[in-house]
Amino acid sequence: MIKNTSTPNLRITVYCALFTALIIVGGYISIPIPIGPVPIALADFFVMLAGLFLGFKYGLISTTLYLVLGAIGLPVFAGGTAGLAVLFGPTGGFLFGYLFMVAFIGFISDKMKPAIPTYLLSLIVGNILLYSIGVPWLRIVMHFNWAEAFAVGFVPFIAGIVIKIAVAVTLSHKLLPPFKRTHAFSSMQQIDGGDE
Amino acid sequence: MAGITFFHYIHKNTILHKMDCRLKLLCLILLSLSAGFATKWLHYFVIICIITLAIIIARLPIAALLKDMKFFAIIILIVFISNAFTIPGEQIPNFPISNVSIQGITAGLRFAGRLIIILMICTAITGTTSLMALKNAIEWLLRPIPFIPEVRIATIINLTFVLIPLIFDNYVEIISAQKSRCIQLNKNPIRRIRLITLPLLSQSLRRADEIAYAMESRCYSETRSSYIHKTNKIDWIILGTCLMILIFALFL
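Chains A and B are the protein sequences, given in the same order.
The first sequence begins at 181 in this note's numbering and counts up by one.
The second sequence begins at 1389 in this note's numbering and counts up by one.
You may find that some hints are simply not true.
[To be verified] Computed far set for chain A versus chain B, every beta-carbon distance over 10 Å:
| hint | residue |
| --- | --- |
| 1 | 202 |
| 2 | 319 |
| 3 | 360 |
[Unchecked claim] Per the computed footprint, the stretches of chain A lying under chain B, defined by three or more beta-carbons under 8 Å from a beta-carbon of chain B, are:
| hint | region |
| --- | --- |
| 4 | 244-257 |
| 5 | 291-298 |
| 6 | 301-315 |
| 7 | 320-328 |
Since the hints were derived computationally from the structure, they do not count as laboratory data.
Keep in mind the model is a prediction, meaning the values are calculated, not measured.
For glycine and all other residues, C-beta sits at the position ideal for the given N, C-alpha and C.
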């Protein structure tokens, strides 16, 4: 029990809460677009950063919490929506896609040394994962054909994705190495080792 | 978002404030489900009436809440307009603007209604529940689920609620600081987003560090004697009402 209440664990607890809060705030900084039901949101930007900063396990915890809070009815999804209806609605695939994206980015971030090519690769593949779940989901729920699904669920966001990835890479390049060097990260790995 | 009454606990001594938080959370889930399943206008009307009644009973400051609604009114308006213009259907006869369909307007109104209901439910719940009560209730509700450290999860959720307004305030501050330095003259979107997110993230990380230090120096620990929950008759009656609303929205 002493191990559970020791300092590093508390710090990671706070970081998890911080990234959940950032994802929620990112959802509010979103702009609904007039072409379809998927708004451009900063939420996925912070999901990417959660993966990069917190790694596989804790990134997944904080993204899952975001979905759970939305599912029980708190207005946390893009534009202040909530509930199971949204989670299983047209944009639900993107919300579940967040889990796969954060898992992949976190996994790479855990295994590889921080470097710009690593960030770039993991973010691009993470986004491909996100859209490869979100677009087919949109297609099935809205009864679109493939061309329509891509036109509504992917094409309007290409510019946004490129911008977000570029910003995430530069941000990580600046903030991630000092973040990982701090006491928090070295102890995080100790805890991970201790749990096994 | 700075200094608004939305999603803040307001201390009063009413039935809703004294209600057992576990049942209140269940009510939240039931009501948001019924908002999701509502199909007819009557459903929306009944749900909105009930929640308005709840807000009146809880004696929350309605005037202040309506004033703060401005932030969400913009979102709701945008969603409504985008729905009205994009969903195909019959044209309204003798209406000056083309492309607006009856189906689109109905869908937009429906979406707006759902949003308003969810916002009202959350205002009613967060206005009457202190963060500590919320944490205890979440902890209790998570206890039967295996393989989940319920205390830690409850702490994370609690901290999230503490951090959201702080991050919002921070965001508003950064935006106004940059507007006053003529950020809109800079046309490069990558640079502009970076100039917002970099200070936001680095300040939030520092804030998280401070919170961790503060908790640590106050001897935070996950092993505490657990809170004793008590329910009374009125709580169960309120829960029953919520259940009836869900049944009403589902089957009638």
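For each hint, the structure was consulted:
1. 202: 6 Å, violated
2. 319: Holds, since 17 Å exceeds 10 Å.
3. 360: 12 Å, holds
4. 244-257: holds (count 6)
5. 291-298: violated (count 0)
6. 301-315: With 0 residues closer than 8 Å to chain B, the region 301-315 of chain A misses the three-residue bar; violated.
7. 320-328: The restraint on the region 320-328 of chain A is violated, since only 0 of its residues have a Cβ under 8 Å from chain B and three are required.
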